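Trainee: Chains as they are written, first to last, in this note's numbering: chain D, 1 to 467; chain X, 1 to 467; chain P, 1 to 467.
Bear in mind the hints are in silico, worked out from the structure with no lab data behind them.
Check the hints yourself; a few may be wrong.
Pairs count within a copy or across copies, as identical chains cannot be separated in the list.
Said to hold, decoys possible - Simulated pairs of lysine to aspartate or glutamate, EDC-like, Cα-Cα distance not exceeding 20 Å:
| hint | residue 1 | residue 2 |
| --- | --- | --- |
| 1 | K139 | E115 |
| 2 | K313 | D338 |
| 3 | K234 | D168 |
| 4 | K313 | D343 |
| 5 | K176 | D152 |
| 6 | K234 | D191 |
| 7 | K334 | D318 |
| 8 | K269 | D257 |
| 9 | K313 | E75 |
| 10 | K313 | D199 |
| 11 | K334 | D322 |
| 12 | K176 | E45 |
| 13 | K334 | E197 |
Note that the structure is predicted; figures quoted are calculated from it, not measured.
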Amino acid sequence: MPLHPDRLLPADPATRAIARELYRAVADLPIVSPHGHTDPRWWGENPAFANPAELFVIPDHYVLRMLVSQGIAYEALGIGEGAQADPRTIWRTFAANYHLFQGTPSRLWIDHSLEAVFGLEQRLSPSNADAYYDAIAEKLAQPEYRPRALYDRFRIEVIATTDSALDDLRYHQMAKDSGWTGRVLPTYRPDAVIDPETDGFEDNLDRLGEITGCDTGTWQGYLDAHRSRRAFFKSMGATATDHGHPTPQTANLGAEDASRLFDRVRRGKASAEDAERFRAQMLTEMARMSVEDGLVMQLHPGSFRSHSPHVLKHYGRDRGFDIPVPVSFTVALKPLLDVVGMDPRMRLILFTLDEATYARELAPLAGAYPALRLGPPWWFQDSFEGIRRFRERATETAGFMNTVGFNDDTRALCSIPARHDVSRRTDAAFLADLVTSHRLDEAEAHELAPRLAGDLARDGYRLNAPA
Amino acid sequence: MPLHPDRLLPADPATRAIARELYRAVADLPIVSPHGHTDPRWWGENPAFANPAELFVIPDHYVLRMLVSQGIAYEALGIGEGAQADPRTIWRTFAANYHLFQGTPSRLWIDHSLEAVFGLEQRLSPSNADAYYDAIAEKLAQPEYRPRALYDRFRIEVIATTDSALDDLRYHQMAKDSGWTGRVLPTYRPDAVIDPETDGFEDNLDRLGEITGCDTGTWQGYLDAHRSRRAFFKSMGATATDHGHPTPQTANLGAEDASRLFDRVRRGKASAEDAERFRAQMLTEMARMSVEDGLVMQLHPGSFRSHSPHVLKHYGRDRGFDIPVPVSFTVALKPLLDVVGMDPRMRLILFTLDEATYARELAPLAGAYPALRLGPPWWFQDSFEGIRRFRERATETAGFMNTVGFNDDTRALCSIPARHDVSRRTDAAFLADLVTSHRLDEAEAHELAPRLAGDLARDGYRLNAPA
Amino acid sequence: MPLHPDRLLPADPATRAIARELYRAVADLPIVSPHGHTDPRWWGENPAFANPAELFVIPDHYVLRMLVSQGIAYEALGIGEGAQADPRTIWRTFAANYHLFQGTPSRLWIDHSLEAVFGLEQRLSPSNADAYYDAIAEKLAQPEYRPRALYDRFRIEVIATTDSALDDLRYHQMAKDSGWTGRVLPTYRPDAVIDPETDGFEDNLDRLGEITGCDTGTWQGYLDAHRSRRAFFKSMGATATDHGHPTPQTANLGAEDASRLFDRVRRGKASAEDAERFRAQMLTEMARMSVEDGLVMQLHPGSFRSHSPHVLKHYGRDRGFDIPVPVSFTVALKPLLDVVGMDPRMRLILFTLDEATYARELAPLAGAYPALRLGPPWWFQDSFEGIRRFRERATETAGFMNTVGFNDDTRALCSIPARHDVSRRTDAAFLADLVTSHRLDEAEAHELAPRLAGDLARDGYRLNAPA
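With the rest of the complex left out, here is chain D:
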């Protein structure tokens, strides 16, 4: 029985009772998932998942990295040349090492998924690994376990994917055309046509020109191409853009300087400094376009992607080797904020992996600039302790209304209800603490709980706007 009904609620009995009521009131609310990485093909083609290993192990970089950190080879997890091809063997390796996840959110998510999605109530272990494999595999073959059925079963109200600027969004179109009523929104993620240090950057810009009919050989044509793609994404339902830059540096160059910088970048002549300046300038350009077209802007800075060249070369990207670096926003964001920070039409949602910024910079910034909102804990911090630290450090300065609820930021479909459940429980626990310490009335906590569970995300991402 891994899933206790009181999990993550406060230890003190009186506080726990308050938290239980708060949680009960939001436990079954629909899921609003405005930022994530589910595969659009799932929604367009609604395929069956292949097997338990491909559902739980291979695509989850949290799972991979923990196993690898303890000496298990990627090959044993089905990745790389000569990798293990038998999914059952991979699953057994996973089960044999499931104890490694003690104390981690992965364990909470997987326990929750096994029980809530597949009805498997004992903790995964070597002794039940085969039986669980069979049970899951059998269910994956049933229509009730295809993506769209899970969407309904998870009570997802809306879910956003994250899509390359060059993507034709065919699966989004397919989902629409199919008559399915699920709401799946693309998100404009133009990193590959903005970051000059991306592999194939120049080809990407050629491609961007072909797709849009704009002359991406010139600065103005390049900006027009972005406008064109943003309009297309918006027509397909997008309400937001997302930017995964190494730093939050922004710039606001004069038109001529920007144009000259673009020329160097376009001709592959960009120095590392040029590349950083170009990314910086483009954040401000994206912000200007957001003011025009109303797309909410998201910034996810401060991750050193694919830190191990060995892992990158042999096993690829998103294998668990993206490592955070220190980040500071105050000076870095100023050029952008000087342009759009006070503009009521602008909305920029800030994320961080450097928790030192919560109380020091992010809460003070979002607690002042009308354009800013704080995204929930991202990635390594979308966990009980992580969400707790976020609330404790951000709330006193930014309040609740400058935050945008929770988003699951995941490519692991079955973990979505589990993650939102962790978020709702952690917020219920936090609110209950405020009530017990008489910082908040119980009635206020009951007003806030559903806001944190959904309304703030709907509002923050402008999801209520007519489609």
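Given the coordinates of chain D, assemble chains X and P onto it according to the supplied hints.
Mentor: This is chains X and P only, laid out in the frame that chain D set:
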């Protein structure tokens, strides 16, 4: 009934009982307020406050920034060209948005002020906004609500203001001459004649020369002018100086280098690097003078003042747009500490907005150098969670005796008892946790509570010295 | 009665009951102490400790710095020219100021030592200072209070010292030769022959050449000399090396660049930049040798040693004036990790004094790279709050298995059982919280507690390998 008698005390019943006793023992102790920003005119002229909006909304940058961050214009809050002129309308806007302060210290302070100062026991809301406005306005017209009466009612024992080096301290003199028995001390804050990047810096130095009769055209004359002003401030009761530098950088240049640097600065030829070096050098000069004249030195570094040029231009300074930056003390303070760090006559109180420095640098520094003490959480952190984090991170390395109790650091008169109350409750909760976990005897906690509530401030700021 | 049986356990009664059981199960387990600074002479010669002041006050930099920070002169503590020579007078000074340690781990350690080692159950105070002095002094004269007897009484299973690369390990040899069964391991700490900024660096390299017969005038000879010393240390039982660099910077220069850099360093021509690059390169060289010889590598970066030149000059090193600086590992460790990070033979244990790195960098790195493990909280953080913060911030991302249990890192012999006791209690409290919040089953917590108390240290430091 917003003010529960157990607010901010621990959830665990046994711990709460201990905390309640600790709090009870200090709740009514006099307020020692050695650092703050009340208006000296209040103490000199003892005027009536104009209206509720001017008391609670317009001067409080915490209140302003939260309202602005949610899209309310400064103009609607009575600030800027063409601003709303009717204080009742401003008050209504405030009341209509009072929910934005849920979970923030502003809410605790304002709830406390409304109840404890004005006897208004329901939470502020649109429905009682007008009645509250009338009730407060009526009281503000009474002599019992003038500043000096509030000083007595709040049981303030001593309060320090923060004053420009160029200030003639006329209101302090007026307060003395009036025969009023309140103790209001000026604090020497020479930023405007030390920071070459201040607007009007050269004029300020001319003015400093005129006031002191020293030749502020030379390095030695300039230093003498500081000595003269410090002596004047001291004669008016000052026990401390305060320095609001962008960084904690210090320097200890040779006499010739310092003199040459001053010459560049004096002639308006200072580069940004010169300006930083000059501020750095002046911290060490101020420290040397502190050794001579015994004034306690305070350093408040790490705030990017007036981050938004738009807000600065249209609405002025201190409107909620001062944003922290990362700070490191260890290397930056070394030049100064090499000079005065081991000197028993020196006292330097360090403040920070970057909580990462508490355990990493500030507690180790203050737990070693006899010259150093730790100021309480400053600004965004003078809150329940903020004080808690300070105690948890600083105490194990610096102990209690290297801290200087609480100071309210506010320009909001009515929030002073509320802030000290939050501090006393939070410290009672922290001490009670130490008792419950048997890290401290209950008798020791009862000895410590009044020290944290007043004695450490009296000692830290040398307030017990004969006036 | 300073030592309450429930000290450091959670306040909530149900959680405390769980923690109590967890603690009871590990309280009496043997002590594994794989990193520390006890004096090898104690183990070789087994001398009596001279007096209470030399046992508790003079060698403990935590005790010294706190007393000094409050204005007590080193001289009064028996250190420096013309220092107090009477140990009883020093002890009285300590006792008179024992309240300064309220809320600090020093207080917990000393209370514990006095009671558990000397049977003194009242808290130290001026009134019992003389009686305590006599009682301790009397016991120190008894054979039961000599180091080896204390080793047995403390149930130490193995203890590592930290030794210069130039040390002949004579006391380790003496301990072996004596037939004593205690297990005392040296640790290879080559800072003095790696850091070009060490006083006497060139002489040290000459000496290294003499000892090893290698030509330390050449890069290859110098590396061979390290190999030789490492082999010697290993033959004497060492399982680990330790590196106390100012920063975690690593480098991976080509052979020629490295050789040229060595030449500059060897001839005393190294710039500050060269020195940093040389230290950086040597971390990678040490890592390569660890892959060859299997010695576990430890890195302790980020301390500004002997911050006060006055203290260094008059009172020496390790007097409480080592102050942390900000640290970042992600970029700094990359050159080393590119070489050995994925190698299953490599083990690098990372320590930090900058807690901002726990969740941001260390847990993500150790939760991915098989070569990495996280050392316990170091120095200022080996305390209740410090260990707690470490577990809360590291566990969710790195799990438990990427940590290496506790080590006491101390030169204070009597504090060793006290420190391990604090660690075991704090971990019991943390595990109990996980159980109460249903993040862990109680049975799992009971499996984990002894791992945290010993197994992870045995495994992490490869202490189970045949001697």
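Trainee: It remains to establish, for every hint, whether it holds in the given structure.
Mentor: These are the hints, each one checked on the structure:
1. In this homomeric assembly, K139 and E115 come within 20 Å of each other (Cα to Cα) only inside a single copy, at 13 Å, whereas the closest approach across copies is 61 Å.
2. In this homomeric assembly, K313 and D338 come within 20 Å of each other (Cα to Cα) only across copies, at 12 Å, whereas the closest approach inside a single copy is 41 Å.
3. In this assembly of identical chains, K234 and D168 lie within 20 Å of each other by CA distance solely inside one copy; the values are 13 Å within and 62 Å between copies.
4. Taking the shortest alpha-carbon separations for K313 and D343, only the inter-copy value of 16 Å comes in at or below 20 Å, while the best intra-copy value is 44 Å.
5. When the C-alpha separation of K176 and D152 is checked against a cutoff of 20 Å, the pair qualifies only within one copy, where the shortest distance is 16 Å, while the shortest distance between copies is 71 Å.
6. In this homomeric assembly, K234 and D191 come within 20 Å of each other (Cα to Cα) only inside a single copy, at 17 Å, whereas the closest approach across copies is 51 Å.
7. Taking identical chains as interchangeable, the C-alpha atoms of K334 and D318 lie at most 20 Å apart only when they sit on different chains, with a minimum of 18 Å there against 31 Å within one chain.
8. Taking the shortest alpha-carbon separations for K269 and D257, only the intra-copy value of 15 Å comes in at or below 20 Å, while the best inter-copy value is 28 Å.
9. Only within a single protomer do K313 and E75 lie at most 20 Å apart by alpha-carbon distance; the minimum there is 14 Å, versus 57 Å between protomers.
10. Taking the shortest alpha-carbon separations for K313 and D199, only the intra-copy value of 13 Å comes in at or below 20 Å, while the best inter-copy value is 44 Å.
11. Taking the closest pair of Cα atoms, K334 and D322 come within 20 Å of each other only across two copies (12 Å); inside a single copy the shortest separation is 27 Å, beyond that limit.
12. For the homomeric pair K176 and E45, the shortest alpha-carbon distance inside one copy (11 Å) is at most 20 Å, but the shortest distance between copies (72 Å) is not.
13. In this homomeric assembly, K334 and E197 come within 20 Å of each other (Cα to Cα) only across copies, at 19 Å, whereas the closest approach inside a single copy is 24 Å.
Figure legend: structure checked against the earlier numbered hints; every hint is met.
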